[in-house]
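Chain by chain, the residues:
Protein chains: 2
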Amino acid sequence: MADLTQNKKDLAHARTKTSFDVASMTNYLYRGSGNVEQRRYIIDLIAREPIFNKDDWAWLNHTDAVKRGIAMSARLAEIKMENDLNDLDFATMVEAIDDTLPILLHNGAFIPVINAQGTDEQIDKWIPLAEKFQIIGCYAQTELGHGSNLSSLETTATFIKETDEWEIDSTTFTAAKWWIGGLGAMCTHAVVQAKLIIDGTDHGAHVFVVPIRSLEDHKPFSGIQVGDIGPKAYGGFNKMENGFARFNKYRIPRENMLMRFSKVSRDGVFTKPPHAKLSYGSMVLLRSVLIRQMALYLSRATTIATRYLTVRRQFNNPTQRNDADMNPGLETQVINYPMVQNRLFPLIASAYALFAAGSVMMDMYIGLLTDLSSGNIGALAEVHAMSSALKSYCTTIGAAGAEECRKLMGGHGYSYFTGLAHMFASIVPSNTYEGDNYVLTQQMARYLLKEVKTAKTEPEKVTPYSKYLLLATNRDAFSRATCAVVQPEDWLKPEVQLAAFEHRCARLAMELSDAVEAGGGLDDTNGKTWSDHNIECYRISHAHAQYVMVLWFIRSIRNAQNPDLDDEERTDPKAIQVLQKLSNLHALHTIQTNLADFAEDAYLSPRQCPSLRAQVKDVVASLADDAVGLVDAFDHPDFLLASALGASDGDAYKRLWDKAQTEPLNRKDVCDGYEEYIRPLLKKHGEIKL
Amino acid sequence: MADLTQNKKDLAHARTKTSFDVASMTNYLYRGSGNVEQRRYIIDLIAREPIFNKDDWAWLNHTDAVKRGIAMSARLAEIKMENDLNDLDFATMVEAIDDTLPILLHNGAFIPVINAQGTDEQIDKWIPLAEKFQIIGCYAQTELGHGSNLSSLETTATFIKETDEWEIDSTTFTAAKWWIGGLGAMCTHAVVQAKLIIDGTDHGAHVFVVPIRSLEDHKPFSGIQVGDIGPKAYGGFNKMENGFARFNKYRIPRENMLMRFSKVSRDGVFTKPPHAKLSYGSMVLLRSVLIRQMALYLSRATTIATRYLTVRRQFNNPTQRNDADMNPGLETQVINYPMVQNRLFPLIASAYALFAAGSVMMDMYIGLLTDLSSGNIGALAEVHAMSSALKSYCTTIGAAGAEECRKLMGGHGYSYFTGLAHMFASIVPSNTYEGDNYVLTQQMARYLLKEVKTAKTEPEKVTPYSKYLLLATNRDAFSRATCAVVQPEDWLKPEVQLAAFEHRCARLAMELSDAVEAGGGLDDTNGKTWSDHNIECYRISHAHAQYVMVLWFIRSIRNAQNPDLDDEERTDPKAIQVLQKLSNLHALHTIQTNLADFAEDAYLSPRQCPSLRAQVKDVVASLADDAVGLVDAFDHPDFLLASALGASDGDAYKRLWDKAQTEPLNRKDVCDGYEEYIRPLLKKHGEIKL
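Listed in order, the protein sequences are those of chains R and F. Numbered per this note's numbering, the first sequence spans residues 22 to 711. Numbered per this note's numbering, the second sequence spans residues 22 to 711.
Check the hints yourself; a few may be wrong.
Just so you know, same-sequence chains aren't split out, so a pair can sit in one copy or run between any two.
[What the hints assert, rightly or not] Below 25 Å or equal to it, Euclidean Cα-Cα: the simulated BS3-like pairs (lysine-lysine) are:
{"no.": "1", "residue 1": "602", "residue 2": "474"}
{"no.": "2", "residue 1": "477", "residue 2": "689"}
{"no.": "3", "residue 1": "595", "residue 2": "514"}
{"no.": "4", "residue 1": "514", "residue 2": "675"}
{"no.": "5", "residue 1": "216", "residue 2": "293"}
{"no.": "6", "residue 1": "474", "residue 2": "293"}
{"no.": "7", "residue 1": "514", "residue 2": "602"}
{"no.": "8", "residue 1": "705", "residue 2": "146"}
Just so you know, the hints here were simulated from the structure itself, not pulled from any lab data.
Using the sequences and the hints given, assemble the complete structure.
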């Protein structure tokens with residue numbers, strides 16, 4: 022008979038094998054114990070409120086889910102006001118709630134856009150109302166017919182001089198605003214992107230504050246057709262009422278145009294903004310936040326998978342030994358199979374690398390913000406390209422990693438109760454929004470092409486992260502470059518790893534540059550065009566993202582060893598050792614996964630490739646005893662995981678059994694539909710006796 | 022103002038560019054016009070019945086969905102009886118219905134298992150009742166605590182000599198049957214796998230027919246706790262009541278054990294079966310069917326994506342020209358971007374290759390069946406290994422391909438109304454069921470290790486698909502082997518492509534064999550064990566699957582050109598030309614995706630790798646005019662696609678708009694929750710006037 026306490030014993034026992042101080046590791050990840058404490062405090066604030074209970078989510082249809090989303094939104098707003106919470110704490114509340122709510126774009130876009138693009142008077146008018154939720158806003162850009170291509174939006178705002186108003190109009194349904202979170206049911210106002218038209222002249226897309234629903238009774242104003250666009254893939258965004266809106270010659274006052282940059286005077290004179298790219302800052306922020314989110318998501322996914330695979334036992338493999346103090350008759354813990362470790366542990370390493378990348382990217386954004394506020398746009402191009410490349414790469418591996426964790430969990434992985442299905446459904450749209458992950462890679466490629474030119478003409482001006490381009494200055498020597506690995510252990514040297522990534526980036530960038538020039542340059546419309554090079558843009562952009570991810574993870578570990586740090590800030594030396602293993606795994610596994618890029622030009626030799634694969638296996642095996650400790654260090658409470666299989670006590674089977682007992686279908690002995698459908702079928706050919 | 026007929030014009034215009042006869046291509050895919058006609062007839066049979074309408078699926082919660090599933094099941098059973106349909110037609114009905122129903126395992130497992138493992142008397146007793154749906158069955162193998170490892174199932178069937186009965190028992194909840202489709206609400210009977218115990222001796226897992234619910238009132242019998250296990254990931258299998266069951270010393274008659282192979286006499290004497298592997302046939306069938314299903318799924322997914330991307334326009338790219346007769350002011354059709362073509366067209370090629378593979382695999386199964394029925398098990402090992410390798414590979418690329426199609430559709434791809442979200446949710450569990458896709462690859466690896474031994478000792482006995490192993494007989498010569506490509510066009514030679522796949526398979530198989538021997542062989546429990554080699558098993562198994570997929574597709578096209586065929590059976594020569602392009606794309610793109618495997622041992626040179634990439638781009642570009650024709654040839658009617666964006670008329674935006682208008686939330690002007698949550702929030706700080 023199965024020992025029903027075995028699951029808990031297995032997880033508890035795995036914890037005893039951890040080689041490092043888990044709390045110290047947590048402090049490293051969240052950059053200090055103060056942040057760890059604050060995060061715990063905020064998550065607990067949410068966990069205590071019944072409205073945020075997640076137990077019945079799986080059974081809500083879209084109608085019920087949106088109503089729940091509205092209730093949760095209102096409470097979220099109240100908690101923010103009651104506790105006077107800042108943006109960071111708000112983000113942590115949203116992390117704890119773990120679903121997209123109708124109100125998210127109010128703080129996430131409506132307020133920031135007005136703050137960024139409104140005049141001081143406009144900010145004074147709208148922001149206090151928004152901060153007190155006396156109005157609720159959303160951000161309406163995408164249309165049914167246009168997403169990426171802003172300049173072809175069809176919604177128009179025509180200046181009506183007689184009444185000093187804008188007439189907002191959607192000529193056809195393809196001009197309908199579409200996908201707008203918060204618009205379907207909850208918002209009272211929207212910031213709307215529309216083509217500004219004066220006297221028949223189109224001045225391009227601008228933003229307008231548009232009242233949508235009456236503050237008296239919440240009914241949409243006459244002249245606006247508004248609603249929910251319907252359910253999303255995989256049950257994702259179920260509580261969000263992504264909406265549509267069509268405007269029929271709908272009038273708003275002239276001053277509802279946000280006029281910090283472009284302006285329109287009372288008599289209809291249009292003034293252009295001083296610099297077209299000043300609004301890029303908010304894109305950089307949104308993309309930087311996504312990288313951090315991927316760290317949080319993938320760390321949750323690996324937490325769930327690691328714990329479940331530690332307690333799940335299947336087959337008795339005599340040499341994948343159970344521990345000495347375990348009953349030898351027990352089957353093997355699934356996490357002890359090398360195949361499982363080689364799929365799972367690189368994802369744990371990725372999660373750690375994502376934490377490091379998220380921190381650096383956020384620091385870069387804050388630096389940029391400081392620059393921009395003093396009118397210095399020198400760093401804008403690089404930071405914008407970097408945030409684009411990383412957004413594309415990190416959200417790709419985030420979504421794929423969460424799904425891989427689910428598959429690692431085998432049959433039970435297909436249950437909703439893993440907690441991972443909900444997660445993938447929430448992550449995967451990030452591969453498309455805030456810039457499609459393929460289209461977005463053109464940003465870094467364009468940036469690097471400029472850097473290639475700089476490398477040729479003014480090598481000292483190449484920015485730090487593009488310095489690898491200088492490797493290729495001597496083309497002959499570069500084409501003969503090979504990897505320095507002689508002994509297998511050489512793979513563990515950070516400089517060897519970084520050299521490989523730099524070589525690959527330099528080669529791909531030069532190949533792209535050569536191809537573009539051979540096609541007559543980017544401006545030659547008779548030759549090859551930019552879009553002919555987009556496959557190569559994707560390759561170099563992801564290669565660059567992988568390079569900086571590896572670099573930043575290595576640096577982050579070095580920084581954690583800084584002898585100048587206070588005792589309290591210093592990371593446990595044993596934790597550092599494990600971090601170094603993770604960093605090696607992250608670097609080497611990334612090379613292995615993209616091996617052709619390193620081998621096809623003979624940079625790696627036929628001897629080095631198998632030695633790389635062997636090193637990856639060795640590093641993976643060396644992490645086995647620390648796997649549970651490493652995911653515990655992510656510090657995700659059970660409320661956040663919302664997983665029957667990944668809870669901290671390891672009692673997976675019991676929790677899965679208990680969850681099934683809560684299934685509404687099980688309230689009845691005989692199912693709905695028996696009398697109507699089953700019985701007539703069974704009795705069609707008469708009664709039988711068995 | 023946007024031309025609302027443009028979508029339809031675009032798709033219609035694309036069709037005019039097709040270079041081949043679409044009907045002839047359809048006949049090639051379905052192996053003859055008779056099959057095409059029959060498939061259309063059966064799909065129409067389903068499409069005509071209101072109960073199978075898919076319009077409201079997105080809004081059903083699990084409770085309502087299961088009731089719908091039961092209603093659909095009953096009607097499906099009736100249609101089968103009314104029209105006296107065979108298994109193939111039944112499969113087509115299920116394809117048309119496009120969801121898993123509570124009744125599917127009745128025909129899919131309950132009946133086949135009784136037919137395969139029951140005595141003639143047992144077949145005579147149960148099958149007529151089942152064929153007339155006087156009983157409804159399911160198949161209960163997996164338990165909460167055990168999936169893959171059959172020998173550790175915990176459910177017991179203990180022989181009670183006194184009463185000539187079996188006592189079925191689940192000692193703990195980990196012994197509960199779990200994931201059993203049809204068990205949660207609908208079935209009256211289950212075929213249950215349980216450990217057979219006589220006088221304290223455990224004779225291993227055997228199958229028993231177990232009454233679950235009363236034929237009088239459908240109530241579960243006393244001694245059985247039964248219910249639904251809860252919702253599944255991504256909203257998949259929503260109409261299926263995957264169930265659990267726990268037995269508490271539940272008695273059934275001795276003759277309910279299926280006794281074709283093992284037997285137990287009245288006085289409790291157990292007799293073993295003559296051959297342990299005779300039951301493998303049904304596994305081969307299920308896996309072979311899955312390959313065919315992946316062809317159908319991926320062809321649907323590419324149909325939807327290709328049509329939508331043909332009508333979707335975004336940005337105006339001057340040299341990705343619109344056709345001459347189009348308005349030059351129009352934006353570029355998204356399908357004209359090379360990046361999009363290079364992601365989409367390889368998936369179309371994969372779908373075609375899957376059709377070929379599905380046919381060959383099914384023929385192999387039928388051949389095996391004939392062999393087995395005459396007691397010849399000679400082919401069993403190879404066919405079993407092949408079906409395992411292909412199931413693992415094909416369901417992996419099927420699920421990933423459907424998801425890639427969804428992502429290709431950009432923002433709107435995240436709408437439920439693409440039809441692709443439902444599809445991925447239905448496909449992806451196939452990566453785990455019928456053998457986890459990682460675990461399953463061990464079958465082909467084990468088979469090939471035996472073939473390596475045969476190649477060394479009796480080379481003439483190596484089976485045809487493993488003949489590549491003979492390449493490596495001379496290890497020295499083999500290690501110096503290189504790819505024969507000199508001119509880029511050489512990549513288009515099938516013999517060059519096949520040689521590359523053969524070389525790679527031979528290398529990986531020899532490396533695995535060497536590693537296993539170096540570890541002391543598989544039986545040495547002191548050395549490396551089998552599970553240490555499982556990563557390499559996965560590599561060689563997928564490599565082998567890719568090799569036969571490429572080979573079978575090439576052969577299938579050659580067969581279609583057989584001069585002995587009747588006019589009616591012969592495929593249009595222009596269709597053959599396009600098939601050859603698809604075959605080239607399939608082979609070369611597969612090499613490109615796995616390039617490291619071909620380059621890391623220097624089989625491919627640093628010159629050949631870029632020429633391969635260039636060839637892939639060229640072949641992709643050469644297929645642009647035929648993309649819509651190629652997916653039209655899959656012959657999937659709109660009812661089956663159930664997609665607002667992929668319908669045959671191209672009217673994507675209009676359909677998406679119309680679908681949104683059917684969203685239940687939109688029936689009200691003011692949303693549920695306004696009075697309760699939104700109004701109090703808005704008014705918390707008093708009334709405002711704007």
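So, going through the hints one by one against the coordinates:
{"no.": "1", "hint": "602 / 474", "in the structure": "neither (38 Å within a copy, 39 Å between copies)"}
{"no.": "2", "hint": "477 / 689", "in the structure": "neither (76 Å within a copy, 64 Å between copies)"}
{"no.": "3", "hint": "595 / 514", "in the structure": "within (19 Å within a copy, 56 Å between copies)"}
{"no.": "4", "hint": "514 / 675", "in the structure": "neither (45 Å within a copy, 58 Å between copies)"}
{"no.": "5", "hint": "216 / 293", "in the structure": "within (14 Å within a copy, 80 Å between copies)"}
{"no.": "6", "hint": "474 / 293", "in the structure": "neither (31 Å within a copy, 78 Å between copies)"}
{"no.": "7", "hint": "514 / 602", "in the structure": "within (11 Å within a copy, 45 Å between copies)"}
{"no.": "8", "hint": "705 / 146", "in the structure": "between (72 Å within a copy, 18 Å between copies)"}
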